[in-house]
Amino acid sequence: MIDEPHEELELTSALVPLFVITNGRALPPDNTYERTTLVSAQEGAAASARTLSPEARRVLELVTEGFLSVAEVAAHTHLPLGIVRILLAQMEESGHIIARKPVPPAERVDREVLNAVLDGLKARFGA
Amino acid sequence: MYLDSGVLTAVKILVVGHFGVGKTTCIGSISEIEPLRTEEEITEASVGFDDLSGTPDKTTTTVAMDFGRLTISDEVVLYLFGTPGQERFKEMWEELSRGALGALVLVDPERLSDSFPVLDLVERFGLTYAIGVNHFDGTTDYPLAEIREALNLSERTPVVACDVRDQQSSAQALITLVHHLLSLLD
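Chains as they are written, first to last, in my numbering: chain U, 16 to 142; chain B, 933 to 1118.
In case anyone wonders, no lab produced these hints; they're calculated from the structure.
The beta-carbon is built from N, C-alpha and C at its ideal position, and this holds for glycine as well.
Any given hint could turn out to be false.
Partial list, computed: chain B residues near chain U (C-beta under 10 angstroms) [what the hints assert, rightly or not]: (1) I945; (2) E964; (3) T970; (4) T1003; (5) I1004; (6) E1007; (7) L1010; (8) P1075; (9) L1076; (10) I1079; (11) R1080; (12) L1083; (13) L1085; (14) V1091; (15) L1113.
Ranges between beta-carbon positions, derived for each pair [claimed, not checked]: (16) U:S109 to B:Q1100: 44 to 50 angstroms; (17) U:E108 to B:A1077: 22 to 28 angstroms; (18) U:A61 to B:S1115: 45 to 51 angstroms; (19) B:L1076 to U:G81: 27 to 33 angstroms.
For lysine to aspartate or glutamate, the following DMTMM-like pairs were computed, each having C-alpha atoms within a straight-line distance of at most 20 angstroms [to be verified]: (20) U:K137 to B:E964; (21) U:K116 to B:D1006; (22) U:K137 to B:E1007.
Please model the entire structure based on the sequences and the hints provided.
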């Protein structure tokens, strides 16, 4: 699982610099796509997938069936995290994907979340 | 592979420690998925991935980081990020520590001094943490009080013994951390 075979990947050649994959675009500053941001394909996004780069298409296909974190997208596609962030920012802008961003920390939320984590761990591991 | 469709909130806890302390083993024992790996570039003078090999003349290096996932409830998923504790990874710490619930710091009782840079980073980035003293095969049981003293920890910081290969033991260390986080909100 950690070292999945790469054969099925349809990628721009390794000889192509990374900035070409992203059309030279940098990450928009207000759109950071932290590794715990959850992403999924927009319904019907596959129809216009032909306009995307092979790497972006690969990302889109991966998240067609449901939500995954940005970190999981990077791991499954074997693309560097920075590249995945840029591709996702582009694809959110073009309406191919939707993102659920992590809730900013706040005390009330933290308490609820921490209690959920505690209950979840205890239920799961019987501790 | 995919998250349940009702999952709205992703939270993270960092599992930090020096190279070889058992971060990935710990994550693997708790994660519901096989631990996955991200690759990212850091742009400092560097000596290679997590001290595995020496390639001192590089200015950009790819760092591999392992992580795992645990669905906590219908709505919440917890990600566990193995985070190398060296100063040169501090760029990544910025993002990793932002919004993190806290950190489980794994220490090897035979290599306590290797944990000082790790504790330094954890404190600098304002993370609340608990210490998991990983028991490797054949290591003597160290009194936890001595470890607390050697690491110069505050009275409140929880220190627990754990065997990161054991799921229950790893989970118990995490539970200790979450109890500590909750106690600080009171």
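Hinted contact B:I1079 with chain U - closest CB pair below 10 angstroms: 22 angstroms, violated
Run the distance test for U:K116 versus B:D1006: straight-line Cα separation, threshold 20 angstroms. 17 angstroms, holds
Supplied contact hint for B:T970, tested at 10 angstroms Cβ to chain U: For B:T970, the interface hint holds, since the closest Cβ of chain U sits about 5 angstroms away, which is under 10 angstroms.
Is the hint on B:I1004 kept, meaning its closest Cβ partner in chain U is under 10 angstroms away? 3 angstroms, holds
Hint B:I945 vs chain U: min CB-CB distance below 10 angstroms? 8 angstroms, holds
Under 10 angstroms is the threshold here; is the Cβ of B:L1113 close enough to any Cβ of chain U for the hint to stand? At 5 angstroms from the nearest chain U Cβ, B:L1113 passes the 10 angstroms test, so the hint holds.
Looking only at beta-carbon atoms, does the pair B:L1076, U:G81 fall within the given range of 27 to 33 angstroms? Given about 43 angstroms between the Cβ atoms, the range is violated.
Interface hint status, B:L1083 versus chain U (Cβ within 10 angstroms): Violated. Min distance 25 angstroms.
Chain U contact restraint on B:E1007 - CB to CB distance below 10 angstroms: 8 angstroms, holds
For U:K137 and B:E1007, compute the direct alpha-carbon distance and say whether it is at most 20 angstroms. 16 angstroms, holds
Just to be careful: measuring from the Cβ of B:L1085 to every Cβ in chain U, is the smallest value less than 10 angstroms? Violated: closest Cβ of chain U sits about 22 angstroms from B:L1085, beyond 10 angstroms.
Let's test the interface hint: is any C-beta of chain U closer than 10 angstroms to that of B:L1010? This interface hint holds because 6 angstroms falls under the 10 angstroms limit.
Hints 8, 9, 10, 11, 12, 13, 14, 17 and 19 from the list above are not met by this structure, while the remaining hints are.
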